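Enquirer: Residues per chain, in single letters:
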Amino acid sequence: MDRFYRTHLDSGGWLKGESLGQDQVIDAIANARAESSTTTTLPLVALEKVSRGYDSAPVLQDASLAIYPGELVGLAGPNGSGKTTLFRTILGLLLSLGGTMSRSCPLANFGYVPQSAALDPQFPLSVGEIVEMGAYGRVRSFEIYPKKEKQLAGEVLDQVGLRHLAKKSFFALSGGQKQRILIARALMVKPKIMILDEPLSGIDEATRHSITDFLIKLTREKNLAVFFSSHDLEMVQRVADKIVRVDKGRVWLEKGKHAL
Amino acid sequence: MSSFFEILSPSYLLFPALLGTAIMGLVCPLIGSYLVLRRTVFLGLTLPQIAAAGVSFTFWLQQTGFLPEWGQGERSIGMVGSLVFTFLGMGLLGYLEQRGKGMAEGRLAAAYALAGGLTILFIVFNPAGQVEVLNLLKGEVIALSQGELSLLAIVFGAVFVAVLAFHREFLLISFDRDLAFLLKGRQIIWDVLLYLLAGLIIAIGVILAGPLLIFGFLVLPALAARPLVNRMSSFLILSSVLGLVMAIFGFYSSVRLDLPLGPTDVTLGCCVIFLAYGLSRITPKASAALLILVGLAASSGGCGSRMAEAPVPEAKAIHAEQLWLAKVKNSTALLLQLPATNPLRSLAEMAGKISSDYRPSVMDLMRDSLKTELEQRGFRISLPEEKDSRFAAFPTDVSAAVRIAREGNLSGLTFVGEIQRWEIEAQRFVRVLADFKIIRIDDGAVLWARRIQRAVPTPSATNSGQASTDAVKEIVRDLFAG
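Chains P and C, in that order, are what the protein sequence lines are.
Under the numbering used here, think of the first position of the first sequence as 2, with each following residue one higher.
Under the numbering used here, think of the first position of the second sequence as 7, with each following residue one higher.
Any given hint could be a false lead.
Said to hold, decoys possible - Residues from chain P shown here face chain C by an in silico Cβ test under 10 Å; the list is partial:
#, residue
1, R89
2, A118
3, A119
4, G129
5, Y137
Worth flagging that the hints you see were computed from the coordinates, not collected in a lab.
Remember, it's a predicted structure, so these values are computed and weren't measured experimentally.
Glycine is no exception: its CB is placed at the ideal position from the N, C-alpha and C atoms.
Please build the complete structure, drawing on both the sequences and the hints.
Expert: Next comes the structure, spelled out in structure tokens:
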């Protein structure tokens with residue numbers, strides 16, 4: 002059974018994080034269902050009036066959001082508006098300044114696709130090695146990398162159509178190919194939700210279409226939740242089921258099937 | 007002079023030192039690879055210097071009486087200082103990193119400068135043991151004892167196993183900290199473990215091999231391997247292999263050319279980096295062909311059989327009986343006097359041949375031994391100073407030797423010898439560089455010449471005098487046996 006994780010502020014304003022027991026999970030699920038008037042499905046991630054930031058300066062203010070399985074959610078906003086901060090908050094990489102956040106699956110089931118420019122090209126890594134990293138959470142330290150994980154790596158590379166590049170250097174690929182490889186690595190995690198930080202920036206139009214088509218396919222065929230960001234509002238409107246807008250730290254829903 | 011295959015033989019005198027160097031060359035690059043990839047190369051330079059400061063600090067404390075004499079030997083107490091300073095330095099650098107004040111490079115540069123300064127100051131404060139401490143910091147891997155080799159093998163072996171076991175964790179935490187957090191949680195333990203392993207090999211390596219060699223092994227093989235590979239697994243393997251190659255060929259060059267090991271290895275490592283970047287610009291097939299050519303050239307230069315060196319000829323063979331045996335010249339800048347307890351001196355003293363103030367030297371001992379052997383070869387030996395007491399030692403430079411002999415009205419042949427290096431290493435062997443020649447005074451022709459340039463084993467010596475005595479016997483035996 003998946004564990005249920007929740008963070009909230011106590012009366013003194015301190016951040017509390019807890020991994021809930023079975024009874025508490027049932028309560029938490031009931032609460033989440035009660036909070037959601039439009040769906041009976043448990044949200045994978047739910048934020049309520051969450052404020053986050055760096056060095057006590059808020060970058061996000063009172064962000065409320067819920068993401069459900071099978072949803073394709075777009076996060077649109079100009080550069081520097083707080084998109085990456087919101088993602089890092091959901092992933093637990095940033096400290097909270099206030100509000101409540103809950104996740105109905107462990108972080109190991111979050112497939113995260115960072116901006117490829119954030120990765121250091123100094124590392125000599127092949128495409129295959131990058132993808133195999135996605136399974137490192139399941140492979141123990143002294144264990145030889147299992148065959149079934151190697152097979153899975155081949156399969157996810159097939160899914161993104163780049164198996165033939167498995168032995169190539171990752172950093173020698175084009176921007177679009179790198180994004181697809183990072184998506185393959187996120188799939189290798191066996192995710193329930195995928196979070197993609199600007200997956201379409203710096204790549205040509207044809208590749209953009211192939212990536213967005215692939216993301217739509219993931220939500221429709223595998224019932225994965227996909228949450229991606231872009232500064233291109235038009236493209237997000239064209240692709241996403243639900244659009245979350247962020248600007249100057251404020252977060253609001255612009256269009257979608259589910260209400261916040 | 008040793009051939010390449012000779013140094014690889016377990017019976018070779020310096021084999022433990024070679025093995026120790028090879029172990030360091032194999033393991034250090036595995037840790038160094040992560041330092042290079044994490045762009046913390048300067049840590050590989052700074053930590054050995056901090057360890058060196060620890061060594062000199064410990065010796066200074068011991069000299070001032072704050073620390074008791076340690077029966078386990080000077081290296082053991084140096085190792086304690088090296089370990090303590092390395093881990094304290096890492097802790098302090100880690101704390102400053104967490105505080106995030108200033109540039110990382112600036113902190114490392116300042117730490118390096120401070121450690122370098124402290125190392126010298128502690129040596130200066132400790133005049134009683136300056137030479138010993140300097141020797142330790144230079145790295146005496148060549149005098150590695152069996153116990154030290156075992157310690158090295160255990161520590162470096164454990165580090166090797168740990169790097170193999172945790173390579174995925176080290177890669178993940180180094181390459182993508184966000185993914186590491188998602189998959190493994192906030193695992194600061196992997197950062198700490200990596201730096202602990204680095205600290206351990208640096209602290210132990212510095213006291214056994216010196217900071218320069220350890221820094222070279224940490225960083226240079228990884229820098230050389232980087233342009234040649236596109237896979238992390240290949241990168242780690244190639245770094246390690248290049249470290250091993252650097253260790254073995256560096257050791258061989260050091261022995262063959264009589265050069266200090268640390269600078270020789272580091273120079274070789276830098277050459278390998280240039281070669282690697284050159285190879286990375288050409289196709290893999292051409293790279294492979296070039297590597298094979300370089301390998302063959304190195305093998306033909308290094309693996310060739312040792313040239314037979316002629317022994318001192320019989321008197322009949324050179325049609326001469328009269329031989330002027332000159333005093334052996336000492337060009338080492340050391341006195342090379344034998345200690346008062348030397349049994350040969352006591353015998354001579356008892357026979358009343360020398361005064362009690364006289365201290366025999368290595369040169370005296372060598373000339374006595376040469377005289378005995380030359381007489382057995384049919385030579386009639388005369389000593390130049392018996393003809394004219396103003397005769398000093400002859401140089402091995404032919405024209406100078408001939409000029410001195412002619413000025414003293416000598417004729418026939420003269421046997422000259424010159425010691426240029428005589429270093430006693432832990433009483434286990436003596437590093438020797440000495441030249442010997444038989445010169446015809448009339449025309450300056452060299453009838454026989456021989457250079458001894460090697461570490462002469464003195465396994466049964468219990469003190470430096472005994473080591474010198476044994477080494478002289480071995481050298482003379484070598485000269486006459488070929």
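Enquirer: Looking at the structure, which of the earlier hints fail to hold?
Expert: Those not satisfied come down to hint 2.
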